[in-house]
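Asks: Chain by chain, the residues run as shown.
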Amino acid sequence: MKVLIPGALRSYTQSHEAAAHGATLDEALEDLDRQYPGIRFRVIDEQGKVRRHIRIFVNGASAESLSMHMQPSDEVILVQALSGG
Amino acid sequence: MTDDELLRYSRHILLPEIDIAGQDAIRGARVLIIGIGGLGSPAALYLASAGIGTIVLADGDTVDLTNLQRQILHRTDSVGLAKVESGRRTICEINPTCNVIAIAERLEGEALTAQIALADVVLDCSDNFATRHAVNRACVAKRKPLVSGAAIRFDGQISVFDSRQTDAPCYECLFPEGENVEDVRCATMGVFAPITGIIGAMQAAEALKLIVGCGVPLTGRLELLDGTSMTWREIRIRRDPQCKVCAQ
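In order, the protein sequence lines correspond to chains A and B.
Using our numbering, read the first sequence as starting at 1 and increasing by one per residue.
Using our numbering, read the second sequence as starting at 1 and increasing by one per residue.
Be careful, since some hints might not be right.
[What the hints assert, rightly or not] Stretch-level coverage of chain A by chain B, calculated; a stretch enters the list once three of its residues show a Cβ under 8 Å from a Cβ in chain B:
hint, region
1, 5-16
2, 58-67
[Stated by the list, open to error] Label-pair restraints from in silico Cβ distances:
hint, chain 1, residue 1, chain 2, residue 2, range
3, A, Q14, B, R221, 23 to 33 Å
4, B, D19, A, P37, 57 to 67 Å
5, B, A104, A, A61, 37 to 47 Å
6, A, E30, B, L68, 27 to 37 Å
7, B, L68, A, T24, 46 to 56 Å
8, B, L65, A, T13, 30 to 40 Å
9, B, N99, A, T13, 42 to 52 Å
10, B, D3, A, Q14, 50 to 60 Å
11, B, L68, A, H21, 44 to 54 Å
Think of the hints as simulated: they come from the structure by calculation, not from any bench.
Since this is a predicted model, take the numbers as computed values, not measurements.
Cβ atoms here follow ideal geometry from the backbone N, Cα and C, with glycine treated the same way.
The task is simple: from the sequences and hints, build the whole structure.
Replies: This is how it looks when you write it as structure tokens:
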């Protein structure tokens, strides 16, 4: 599936999008971390929860949970809250 | 409306969605802009040019040389001046009929709530999460529409949070306030100047739409701009039934 990477995390991927595989959203994030070590920790905290300034959307709607089932055609968007003005 | 005003705003009045009634609404409106920097500058310029009756500028900073790359309300000879005074000067040159109220402080607490209560539309053009959450809380409390914009590096975001609608999300529904969320500042991360222009101009457009009551506002939708590829993504935001701000 396609994962769109916010600007703040592009130091890991060097690109605005990446490909990841997995039957669930959590598996997809783990696959992303195998390719780009450290990126998952910027999204998921030590408690296994999505960080408060990050939101994950699948096909344009908020992800239900990290255990939600994914399809190869799904598009994941990682959104980071921006404070700059 | 005078003959001069009819001529000045004729390109708006020609639009059936606006017409004379819409332009009258624009003239009668009071808009609060919080943060007169990269986003607040283009927003203020368009709102003033469009004929907003009263614009309240709120910002505690002074104009710095590093601001001038993107903060197009300010001029080189404004360096050192309060941003709100610099902004008032520029706006008065563009549209002397616009009543500009300059508040040279970072609005907080009761002062923030009082200004939001007086406004028809609020634009959040601030540069920190604490202000963003405070503005959101006050807008929910006073049931005022909030046009929220943000920009950093090559990324931009904009949405409308309108708590007058019972099913509409607020900013807290999207990004819950957290203790360990650090501000990512333009001063340290950089910002591509036109990104602030694009988002700020869109904030002005959404504010005018809300005042006139035309079109479909960005309520419940977050627009994401990737300036490197110049592509937009739209995501749908839903109200959080557990939201500590708007679910109370």
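Asks: At least three residues with a C-beta closer than 8 Å to a C-beta of chain B: is that true for the region 58-67 of chain A?
Replies: Since 3 is at least three, the answer is holds.
Asks: Is it true that the C-beta distance of L65 of chain B to T13 of chain A lies inside 30 to 40 Å, as the hint says?
Replies: 34 Å, holds
Asks: The hint says 37 to 47 Å between A104 of chain B and A61 of chain A; measuring C-beta to C-beta, is that right?
Replies: Holds: the Cβ-Cβ distance is about 42 Å, inside 37 to 47 Å.
Asks: Take a look at whether the Cβ-Cβ distance between D3 of chain B and Q14 of chain A falls inside 50 to 60 Å.
Replies: 59 Å, holds
Asks: Taking 57 to 67 Å as the hint, is the beta-carbon distance of D19 of chain B and P37 of chain A inside that range?
Replies: The hinted range 57 to 67 Å holds for D19 of chain B and P37 of chain A, with Cβ atoms some 59 Å apart.
Asks: A range of 42 to 52 Å was offered for this pair. Does it hold for the Cβ distance of N99 of chain B and T13 of chain A?
Replies: 49 Å, holds
Asks: Is 46 to 56 Å a correct range for the gap between the Cβ atoms of L68 of chain B and T24 of chain A?
Replies: Once the Cβ atoms are compared, 49 Å apart, the range 46 to 56 Å for T24 of chain A and L68 of chain B holds.
Asks: Quick check on a hinted range of 23 to 33 Å for Q14 of chain A and R221 of chain B, using CB atoms only.
Replies: 29 Å, holds
Asks: Take the C-beta atom of E30 of chain A and the C-beta atom of L68 of chain B, compute their distance, and say whether it sits inside 27 to 37 Å.
Replies: Since E30 of chain A and L68 of chain B have Cβ atoms about 45 Å apart, the given range 27 to 37 Å is violated.
Asks: At least three residues with a C-beta closer than 8 Å to a C-beta of chain B: is that true for the region 5-16 of chain A?
Replies: With 4 residues in contact (Cβ-Cβ under 8 Å with chain B), the coverage given for the region 5-16 of chain A holds.
Asks: Given a hint of 44 to 54 Å, does the C-beta separation of L68 of chain B and H21 of chain A actually sit inside it?
Replies: Taking Cβ atoms as reference, L68 of chain B and H21 of chain A lie about 47 Å apart, which means the hint holds.
Checked against the numbered hints above, the structure violates only hint 6.
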